[in-house]
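Given chain C, work out where chain A should sit, using these hints.
Chain order of the listed sequences is C and A. Taking our numbering, the leading residue of the first sequence gets 1, the next gets one more, and so forth. Taking our numbering, the leading residue of the second sequence gets 1, the next gets one more, and so forth.
Keep in mind that the hints were calculated from the coordinates and are not lab data. Any given hint could be a false lead.
[What the hints assert, rightly or not] Per label pair, the in silico range of CB-to-CB distance:
#	chain 1	residue 1	chain 2	residue 2	range
1	C	D200	A	G29	55 to 65 Å
2	A	D312	C	S227	52 to 62 Å
3	C	E27	A	A326	47 to 57 Å
4	A	G378	C	E226	39 to 49 Å
5	C	V71	A	E84	53 to 63 Å
6	A	E362	C	T92	22 to 32 Å
[Stated by the list, open to error] Just so you have them, the derived chain A footprint on chain C, three or more residues with Cβ under 8 Å:
#	region
7	78–91
8	110–116
9	125–133
10	179–193
Even for Gly, the Cβ is constructed at its ideal location relative to N, Cα and C.
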Amino acid sequence: MKHLLSINDLSKAEIEAILDRAESFAEVGRRDIKKVPTLRGRTVVTLFYESSTRTSSSFELAAKRLSADLVSVKAVGSSVDKGESLKDTVATLSAYEPAAIVIRHPHAGAAQLVAGWADAAVVNAGDGKHEHPSQALLDVYTLRRRLGPLEGKRIWIVGDVLHSRVARSNLIAFREMGAELTVCGPPALIPRGLAKLGCDVEYSLDRLGEADVVYALRLQRERMRESFIPSIREYAAHFQIDSRRLGRRQLLMHPGPVNRGVELSGEVIDSPQSLISEQVASGLVVRMAILYELLAAGDETPIPAAGDDAGRPTPIGQPA
Amino acid sequence: MSAQQLEMRAGESADLVLRGATVLDPLAGIDAPHDLVVRAGRIAELAAPGEASADGLEQVDATGLHALPAFFDPHVHLRVPGQEHKEDIETGTRAAAAGGFCGILAMANTEPPVSTPADVESLREAARTAASVRTGFLATVTSGMEGEELTEMASLREAGAVGFSDDGLPIRSARLLRRALQYQLLCGGTIALHEEDPELSGSGVMHEGPVSAALGLEGIPSVSESTMIARDAALAGYEGGRIHVQHLSTAESVEAVRTAKTAGVQISCEASPHHLCLTDEEVRSLDPGRFKMNPPLRTESDRQALIEALRDGTIDCVATDHAPHAAEEKEVPFEEAAMGVTGLETAFAALHTHLVLPGTIELGLLIERMAGGAKPFGIERPSLALGSEANIALCDLSAKWTVGEDGYESRSSNSWCAGQELTGRVLMTLAGGQVAYRLRAFSLGVAA
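With the rest of the complex left out, here is chain A:
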């Protein structure tokens, strides 16, 4: 987790013991009740329940709770600079901590976009005082996201950009992406790609199919995504570059990534909780607050293909694409509404409720994929192994809660699962060795 470009605010290192927690980290090979001791922000001891020596430590009764490696989200919109009415570093990272995340990567499609070394440096400086989880910043691939010329990628890397992305927009020009991949050989930094052929997606607002036909809404065909993935995978293979495909939404896209991986291309990809849980049938409600995003919600067979790919590893990780918007940007007719939904605070609970509890995927697999977003960007995965920095999500897997009932940590409330009852709740998050979040009721001892 300690990639040097990630920043968070300085604070007190945690000294505590989680008494009797079920510690589950498949990669570290741990799955049993333990007293988990954190000293000076590191995992100091994994003792049998009741056995840990705990003098001078805060005692947390974690009986019946799960201690999981905290999650890593490679796709978050913090909206800074320029759109602080939607979110900022403090509120966005607080939302991340509340969702059990210990690290996030912020997208560069701000106003103005993050395109210069000074932009990256000022964001990192702000994160050093405001971020409650480790926060990395991507810079744009093209200057000002205009798709015309490359940013100074090497200088941006030196300033601390974790990687590059024009997320929000595709890189239309194959020539320009090819140049970026060539330049990547010099400066490194994974290029994260929002895959969409604007010639095909046009001004579409939802998936193209029977539902868009019934609603009279302009559709975004599946092939607008998959054809661009195929193109960019071919370019990455040709240049030996490293790409990460953002928010996969269609079965055709899964196939394109699978083919590229088989061919040895350095390609990774992510899927978002809303694409794994919902389909375009939801759009019949014409509720843009919960169901308008890009890429759009697809069909049930697309959703099943994503789940299968999550299982077999074609999809490396879950990424929320947390996209906060103000109420007035969503309280308008569907076609006029802003694209995007929030997801940090609900990602784990939603996937636990919709995929793990019905038996569709195993809890261990979900944990792997929730932490899997670090590796594609060269960041060490959060771990519960002895000696690791404390990055822990303490969860009550049987707690039921209604999303939005007590408001949100995020500044915006456009959650795709607003009003849903979910099962599984993050009670406490340790990030970067610090206590980043406690559910108020839990810290008062009234929860669970």
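Just chain C, with the same shape it has in the complex:
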């Protein structure tokens, strides 16, 4: 695996290998010293052209836990503000010879372009409304821990599918793992031709009871002004997941950030069926596994066991 650009590029076996690796990093996370030396001396650049809390912080922490040197660039306050093109920005950052570039960009295909320009391994941390493969991997990881294999599980993705890169990547990943997918939302927010991706399409929640897992998407409030929906109130009345609609045996997921009282009611967010905070915790170990897979998988260096000296960070000022 040279880059992680699209979840389409991964087979079921490759997805499982990354998730197994993430399991071993979860074990590292339970130690006192949560850091391993795997990427010592190598540089990871995160390049974020859009605001992000979960994705940027978890990639940054993942790089640090793997002992990489980290350069975080945000579009706001950087040369991008001064009109520098993506190509020129990448050329500039490439001068540091990064091992990996993690990029979030508001337009589809940006990560793919960067992969063509830079020598580094490129991770797509979200490109426009196109893909968000690391989110899909962490969601599969989270669900696999709770349910075991996803074969035959029925997953409903509910909400604004049209504008959601998470919906697209998760649909592909869940299907690859053997789940049966239904997408559901107001017709104007379901892209035309989506069923060709291999899912059922529903325009109401009437049959939500069939789902094992309900994956709700964020509704952006400006969609109302663009006439995709008549009003937030009408949307919530028909598509909000609340305790009346969510059955007791059904699991609830959401990529965050949540609009409380819009796509989800407050009580389901905090219910025991909700996996939302587990998703965030999974984000860290799965992103460690992604960086490991891209940068160190060929090295055959096992993750040091607890108590192994090699697992300790080198004290500052001493040779490695």
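Coordinates of chain A only, in the frame set by chain C:
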């Protein structure tokens, strides 16, 4: 071909003989090997091979080559004035000549748009020194392409505007188009229409369908084009005006034009090589340099409908919509990239490779449609009949070449078939009675 508004640079008239060329002009009823003699820029003799008297003429060994009526492109963006970093009259017409075109019409969506008689006059003057093929200029329908008020259409015609178009943008207001059609009764000049309802196309960047759903790109629905064609055909029918629909891309649009033609509306239309050869599946590559244009690439069934319409004459002509852009305008993510691809240098070779060689259409039909863009604008079609002005594309139909390998005559390199191997190449073009282009290798005698 000699519409008086078309301009090209003054130069030496051609005196040459194409020895043993297969001369093919379906409309003139010619399809046989000949010695084709050009004297003083006109077709002087069509003799049996080896029979032409050729004293004082340049001899061109054209054995095994085809002499075709040169092509006419009613839809080119020369980018002058204002965007000379993409193209100018010299480079754009050189690209046209290299593609076998003897005449082109330049669109008016420049910076600023061509909206005044002085704009048209200065472009014609520039073409008289820079253009290597006959070049006509359209003026905008609405002043500054703002869609608010009509240009001085009659004065623009007097200044030499071949016709009118706000190409790049639709004419949103039905009232304004109606007024333009009424005014056309006074001043003439076909109105060429970029058909798109911006209320439906929004900020779409590709065809709306399963591929846009998979890529998360905003789609441009087929109906954004066909509903506007239906509206404008109804207006043209009502006012007795003459319209030309630009770059048809969908099956629904073909139906709308067919219906209007059946009803007797004075309507003609064009399709571009990329819409005839490619589908939206190409966009999966997310390569805006080759695959982002407006209208967007559509589905296979749309492509088949276009081909059928090209065959039955619903589509009158091929037009390249040659739209050069600088590299930095294309080396960006798909949604941010400029719309448009170049096409002059590859139109014939691409259509020959993708439609004629597989047997989808006949060579004769392709030649008809490649020259068919003149008539909708009242320009005489290039012909190989005796006595005609020499407008000839000399082609090697079996030559294979890779697009872009030796660079481009155009200033820009955003060709939709960059890197493709095509079969069929223009070796030499005569335009307006002059030699407008020779492939370097051919003139050195190392080709074919």
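Enumerate the violated hints, using their earlier numbering and listing them in ascending order.
When the structure is compared with the hints, numbers 2, 5, 6 turn out to be violated.
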